[in-house]
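Protein chains: 2
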Amino acid sequence: MTISMYSASAPVFVRMFSNLLQWLDKAEAHADTRKFDSANYLGLRLAPDMLPFTRQIQIASDAAKGAMARLSGQEAPKWEDNEATMAEVRARIQKTIDYVKSFSAVQIDGSEGREISIPRRTGDPLRFDGETYLKHYALPNFFFHVTTAYALLRHAGVAVGKNDYLGN
Amino acid sequence: MTISMYSASAPVFVRMFSNLLQWLDKAEAHADTRKFDSANYLGLRLAPDMLPFTRQIQIASDAAKGAMARLSGQEAPKWEDNEATMAEVRARIQKTIDYVKSFSAVQIDGSEGREISIPRRTGDPLRFDGETYLKHYALPNFFFHVTTAYALLRHAGVAVGKNDYLGN
Numbered sequence: 039m040t041i042s043m044y045s046a047s048a049p050v051f052v053r054m055f056s057n058l059l060q061w062l063d064k065a066e067a068h069a070d071t072r073k074f075d076s077a078n079y080l081g082l083r084l085a086p087d088m089l090p091f092t093r094q095i096q097i098a099s100d101a102a103k104g105a106m107a108r109l110s111g112q113e114a115p116k117w118e119d120n121e122a123t124m125a126e127v128r129a130r131i132q133k134t135i136d137y138v139k140s141f142s143a144v145q146i147d148g149s150e151g152r153e154i155s156i157p158r159r160t161g162d163p164l165r166f167d168g169e170t171y172l173k174h175y176a177l178p179n180f181f182f183h184v185t186t187a188y189a190l191l192r193h194a195g196v197a198v199g200k201n202d203y204l205g206n
Numbered sequence: 039m040t041i042s043m044y045s046a047s048a049p050v051f052v053r054m055f056s057n058l059l060q061w062l063d064k065a066e067a068h069a070d071t072r073k074f075d076s077a078n079y080l081g082l083r084l085a086p087d088m089l090p091f092t093r094q095i096q097i098a099s100d101a102a103k104g105a106m107a108r109l110s111g112q113e114a115p116k117w118e119d120n121e122a123t124m125a126e127v128r129a130r131i132q133k134t135i136d137y138v139k140s141f142s143a144v145q146i147d148g149s150e151g152r153e154i155s156i157p158r159r160t161g162d163p164l165r166f167d168g169e170t171y172l173k174h175y176a177l178p179n180f181f182f183h184v185t186t187a188y189a190l191l192r193h194a195g196v197a198v199g200k201n202d203y204l205g206n
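Same order as they appear, the protein sequences are chains A and B. If you're matching positions, the first sequence starts at 39 in our numbering and goes up one per residue. If you're matching positions, the second sequence starts at 39 in our numbering and goes up one per residue.
These are calculated hints, taken from the structure and not from any lab test. Treat the hints with caution; some may be incorrect.
Said to hold, decoys possible - Here are the computed distance ranges between Cβ atoms for each label pair:
{"hint": "1", "chain 1": "B", "residue 1": "L204", "chain 2": "A", "residue 2": "G148", "range": "18 to 28 Å"}
{"hint": "2", "chain 1": "A", "residue 1": "P86", "chain 2": "B", "residue 2": "K133", "range": "29 to 39 Å"}
{"hint": "3", "chain 1": "A", "residue 1": "M88", "chain 2": "B", "residue 2": "P90", "range": "17 to 27 Å"}
{"hint": "4", "chain 1": "B", "residue 1": "S155", "chain 2": "A", "residue 2": "L59", "range": "27 to 37 Å"}
{"hint": "5", "chain 1": "A", "residue 1": "L164", "chain 2": "B", "residue 2": "L59", "range": "16 to 26 Å"}
{"hint": "6", "chain 1": "A", "residue 1": "A107", "chain 2": "B", "residue 2": "S155", "range": "46 to 56 Å"}
{"hint": "7", "chain 1": "A", "residue 1": "E153", "chain 2": "B", "residue 2": "Q112", "range": "34 to 44 Å"}
As the list claims (entries may be wrong) - Quick partial rundown of chain B residues pointing at chain A, CB under 10 Å, derived from the structure:
{"hint": "8", "residue": "T40"}
{"hint": "9", "residue": "S45"}
{"hint": "10", "residue": "A85"}
{"hint": "11", "residue": "T185"}
{"hint": "12", "residue": "H193"}
{"hint": "13", "residue": "K200"}
{"hint": "14", "residue": "G205"}
The beta-carbon is built from N, C-alpha and C at its ideal position, and this holds for glycine as well.
All chains should be built: construct the whole structure from the sequences, respecting the hints.
Here's what the structure looks like:
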């Protein structure tokens, strides 16, 4: 018995995005209690030269949809990145969950050796086989943006904790 | 071909800790340029009720050593968590890398179905099979603490970027 490419990708993305929706519940409750607009979270940054909350969500979304598309040999759909309210951020997350769930195991399994090429703004594209891409690029990149979104909420006073992060 | 439990764990931990050591190079260079003691990073927190930098490293270390130990059916060694300088933090990371590298694939492979129990401060322990534990607990928890360490350095003005994070 070993881990399949599908089981190492789709359920991880779905679980973390589902957890994220629950952090947003807490974030909105916090905003309601303190009487501020929950859209105020969307522009928060951990550093002035770091991307804001909404971009962290959009890139986590792109990381997940890109992984599913690339591993299955499809083109990822382009989404507009125009979310401007918490409701739209939620809808983006749900859309990503639905997209990930639209794949079946048979479309992803066996992609360990598939050639994956990631274009970069400068220099040659990054090239991986499917397994290296998933373990050392797609998943770390996904967790990076999801954790940064969590950190921004936590930094802003939202009472999320490790169990919310892990979904236990 | 599928992913082995070893290849989904040990190389991921080693790669991210190796990346982390390079973020610390940049953090120390930043401290030197600004003429402050690099130990000042160790107590930084993203929120007053969040654990500081050194604890993020220690827990990432524990996540990796705990995963290797549990998946192989061993007891994880207890380490003291008394790092008080950047050099000691580096040594903790290197010790963790060495510990992870001390395992061979044959000790970890086949652990998909192993019963894993994680004690909690309150309530019943969390119970998983080895595969669920690795994908939905150990790796997310590890990335959580490594990314939070990164976020603390980034928030403190250290010029780390996504390529430093991913090690590309």
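Taking the hints in turn, this is what the structure says about them:
1. B/L204 / A/G148: 18 to 28 Å: holds, 25 Å
2. A/P86 / B/K133: 29 to 39 Å: Since the Cβ atoms of A/P86 and B/K133 sit about 35 Å apart, the hinted range of 29 to 39 Å holds.
3. A/M88 / B/P90: 17 to 27 Å: Given about 20 Å between the Cβ atoms, the range holds.
4. B/S155 / A/L59: 27 to 37 Å: Between B/S155 and A/L59, where Cβ atoms are some 28 Å apart, the hint holds.
5. A/L164 / B/L59: 16 to 26 Å: Roughly 21 Å apart at Cβ, these two residues keep to the hinted range, so it holds.
6. A/A107 / B/S155: 46 to 56 Å: violated, 37 Å
7. A/E153 / B/Q112: 34 to 44 Å: holds, 38 Å
8. T40: Result: holds, 4 Å to nearest chain A Cβ.
9. S45: holds, 7 Å
10. A85: Nearest chain A Cβ about 5 Å off; hint holds.
11. T185: The hint holds - B/T185 has a Cβ within 10 Å of chain A, the shortest such distance being about 4 Å.
12. H193: B/H193 check passes; min Cβ-Cβ to chain A is 5 Å, inside 10 Å.
13. K200: This interface hint holds because 7 Å falls under the 10 Å limit.
14. G205: Where the cut-off is 10 Å and the nearest Cβ of chain A is about 8 Å from B/G205, the hint holds.
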